[in-house]
Amino acid sequence: MTSQTEMKNSPMKEKSAEMDREYTGSEILLRCLVAEGVDRVFGYPGGAVLPIYDSLYDGHVKHLLARHEQGAIHAADGYARATGKPGVVIATSGPGATNLVTGIATAMMDSIPLVCITGNVAQNLLGTDAFQEADITGITMPITKHNYLVRDVNELPRIIKEAFTIAAGGRPGPVLIDIPKDVSNAKASFYYPETVHIRGFQPTTEPHPLQIKKLHQAIAGAKKPVIIAGGGVISSGATEELVRFAEGSMIPVTTTLMGIGGFSGVHSLFLGMPGMHGTYAANHCLLGCDLLIGVGNRFDDRVTMGRIDKFAPNAKIVHIDIDPAEIGKNVDTYIPIVGDIKNVLTAANEGLPSADSSAWLQQIEQWKEKYPLQYKQDDDTLKPQWVISHLHETTHGEAIVTTDVGQHQMWVAQYYRFVHPRSLLSSGGLGTMGFGFPAAVGAQLAYPDRTVIAVTGDGGFQMTAQELAVIALEKIPVKVAVINNRNLGMVRQWQELFHGQRYSEVDIGGSPDFVKLAEAYGVKGWRAHNPEEAKQVWQEALRHPGPAVVDFWVTPHENVYPMVAAGTSLEEMIMGDED
Amino acid sequence: MKHILSVLVNDQPRVLARVSSLLGQRNFNIESISVGGSEEPGLSRMVIVTYADDRTMEQVSKQLHKLIDVIKIQDLAFDESVVRELLLVKVGANSSNRAEINSIVEPFRASIVDVGANSMMVQATGDRAKLDSLLELLRPYGIKEVARTGVTALPRSSARSKAMV
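Keeping their order, the protein sequence lines are chains A and B. Here the UniProt record's numbering is used: position 350 in the first sequence is 350, and no number is missing along the way. Here the UniProt record's numbering is used: position 149 in the second sequence is 149, and no number is missing along the way.
Rather than coming from a laboratory, the hints here were simulated on the basis of the structure. The beta-carbon is built from N, C-alpha and C at its ideal position, and this holds for glycine as well. Keep in mind that the hints are not guaranteed to be accurate.
The list that follows gives simulated cross-link-like pairs (lysine to aspartate or glutamate, EDC-like), each with its CA atoms no further than 16 Å apart [as the list claims (entries may be wrong)]:
| id | chain 1 | residue 1 | chain 2 | residue 2 |
| --- | --- | --- | --- | --- |
| 1 | B | LYS66 | A | ASP323 |
| 2 | B | LYS62 | A | ASP323 |
| 3 | A | LYS329 | B | GLU136 |
| 4 | A | LYS329 | A | ASP300 |
| 5 | A | LYS329 | B | GLU58 |
| 6 | A | LYS329 | A | ASP301 |
| 7 | A | LYS376 | A | ASP513 |
| 8 | B | LYS2 | B | ASP54 |
What follows is a set of in silico ranges between Cβ atoms, one per label pair, in the way DEER data are often shown [as the list claims (entries may be wrong)]:
| id | chain 1 | residue 1 | chain 2 | residue 2 | range |
| --- | --- | --- | --- | --- | --- |
| 9 | A | HIS208 | B | ARG55 | 37 to 43 Å |
| 10 | A | ASP58 | B | SER21 | 34 to 40 Å |
| 11 | A | ASP129 | B | ILE143 | 51 to 57 Å |
| 12 | B | ARG55 | A | GLU206 | 44 to 50 Å |
| 13 | B | ARG156 | A | THR128 | 45 to 51 Å |
| 14 | A | GLN536 | B | ARG55 | 55 to 61 Å |
| 15 | B | ARG156 | A | GLU206 | 56 to 62 Å |
| 16 | A | ALA35 | B | ARG55 | 27 to 33 Å |
| 17 | A | ASP54 | B | GLU80 | 34 to 40 Å |
| 18 | B | ASP11 | A | HIS208 | 31 to 37 Å |
| 19 | A | THR568 | B | ARG55 | 49 to 55 Å |
Where chain A lies over chain B, by a calculated footprint (3+ residues, C-beta under 8 Å) [what the hints assert, rightly or not]:
| id | segment |
| --- | --- |
| 20 | 11–24 |
| 21 | 56–64 |
| 22 | 100–113 |
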């Protein structure tokens, strides 16, 4: 008991009194959460977490009761994406825990810090196929950064400290803590460590100066350079450093889906998104560049199309990332730089040379002018691209926008010109339908005064629509914009283009009336069939102080363009239906 | 190319599952894995034998490093390491050929560790090739059961084994 002797000399007598008192595991858990600065958790109760919910009853930590554990974890994820702080979710054993799995995998793929707390059956029952028992640490091993099964209440504070350290540190990600019921009921004294040393978790955050020198040399010698910025820019909080880096070196920037908002969508050096539904300018920069600087991105197959042989064929590739395992994973790297993006760019901005890129930038301007994003608009029908542009105009790019996955997600990425980091919250890696709406709930709780729009499809909305009950009850003013095309649009698009128009199981016309569905929950609903109606009802929805659902009845067979088919080179862009 | 990875890991429940799950998830092949104690209390040493090109080995090592329970990874060079495996084999034997079997076993510096009416058990240590050839020589007598530990290894004091990042 070394800490006891320390406490005797401490001026804070109460603290030693606190140390003498014993707390249950669940009380300790909540005290740890408070010590971590957690003011809000998301969850759903059940048998194995009864002690934890009993401790929550005292109200030191606010809890949002979801209607499904998946809703809870996506909300925690949306909270984490919007704030940068770890999101915390609580679920019971067995089905409660397994309902978290999609949300954990979603956070893992997008490097989002989450601390997931699950109850489990008491240790004497572990391994006996007890009621509501599931091996959640085994199940989540490949989709968590790390997980813990707490076997002794005395280990709980250290484990929680480690979990927060690991979730938020280095490349962020989800950590799960499984607490058997006897542990949350057991008593121990409480001491929360200020810091914790984890021998197997020592991320490299400072770049090697020699690599920065090499980067400078490469930039000075480049005529056709391009930066591809990913989600790492956002999680590292390096937006300003990136702007300074790009402006100082005169290098244009393309942002991956996860990087959107990490560089302003209205900056003259901005190229748009690259890859499968990328802009002509962004993709032709990748094809023609002589220097490609990857910043917190991971060269995934929606960007490279899985054709490494044809990806940036003439470029020296620089790859900056905090996770050394990303470097060299998908593409060969000429200059690897391991470190926190903010630190790396800060170091790179010292003595940063300018590239000889004026001819290249002129060429890019021509591409942007000649091949802008486009769609055919008419006054009678409602085009999904128009709806997204309208959402942008009416919110001046200042809203937090969450999406589901598919066509509407790509249109948001293309037509909502994000100017701030942490404003597009989208499941980029796992591609989780049903993510957007609950994520918006979490984001709105983090920022009660900002406009938060959940752009969703008629397919994805139905995967987590039950959370309407939560926004109604808690008066959470999320605006749900349903881009309703009566189809599973992206799958339909692939079937049209690559499966000879054999439309297999993509017609979901039997969906409920979303206006009535919203109203059944006590949420105000509107519908629009053409641009005039859309303008009017969207204004009403924005002005409405509470939650709102707007059902945008868009043309059913619109496709997302440009498009590059998987497995082909970025050169082979399909620009539109007429091509 | 064949590689031996020597991995120091926390002696925690499920650490073997974490490592083997990761190798499977990332589509890496494993020839053998062995786990046991190490020089430091609280840490175990895992020895993993795998076939992979250099690029894949770099990925294996980097991905393993991301596991919180992995402390240190070394890629051991075959020719600069002592690489050993333990073999137990129960071979058919009777009073007429016991001596003959013994004469096969001796040059391998293997030993007879159990004798029954119709069989005897041979214990041998060495590298994989040596144990394979011993098994081949014993095959004509009838091999009843075989157990092998998988490879374990340490670098020789002269070796320059590289610690992998």
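Using the Cβ atoms, figure out if ARG156(B) sits within 56 to 62 Å of GLU206(A). violated, 35 Å
Distance restraint between LYS329(A) and GLU58(B), which requires alpha-carbon spacing of 16 Å or less: holds, 9 Å
That 31 to 37 Å hint for ASP11(B) and HIS208(A) (C-beta), does it hold up? At roughly 33 Å between Cβ atoms, HIS208(A) and ASP11(B) fall inside 31 to 37 Å, so the hint holds.
Has the given pair, LYS2(B) with ASP54(B), been kept, meaning a C-alpha gap of at most 16 Å? holds, 10 Å
Proposed proximity, ASP323(A) with LYS62(B) (alpha carbon, max 16 Å): holds, 9 Å
Could you grab the alpha-carbon distance between LYS329(A) and ASP301(A) and see if it respects the 16 Å cut-off? holds, 12 Å
Against the range 55 to 61 Å, how does the distance between the Cβ atoms of GLN536(A) and ARG55(B) compare: consistent or not? holds, 58 Å
Supplied distance hint 34 to 40 Å, evaluated on CB atoms of ASP54(A) and GLU80(B): Given about 60 Å between the Cβ atoms, the range is violated.
For a C-alpha distance cap of 16 Å, please report whether LYS329(A) and ASP300(A) respect it. This hinted pair holds, its Cα atoms lying about 10 Å apart.
Between LYS376(A) and ASP513(A), does the CA-CA distance stay at or below 16 Å? With Cα atoms ~27 Å apart, LYS376(A) and ASP513(A) exceed 16 Å; violated.
Is the hinted range of 51 to 57 Å satisfied by the C-beta distance from ASP129(A) to ILE143(B)? Given range 51 to 57 Å: violated, Cβ gap about 39 Å.
Straight-line Cα separation of LYS66(B) and ASP323(A) no greater than 16 Å? holds, 9 Å
In summary, the structure is inconsistent with hints 3, 7, 9, 11, 12, 15, 16, 17, 19, 22 from the numbered list given earlier, while agreeing with the others.
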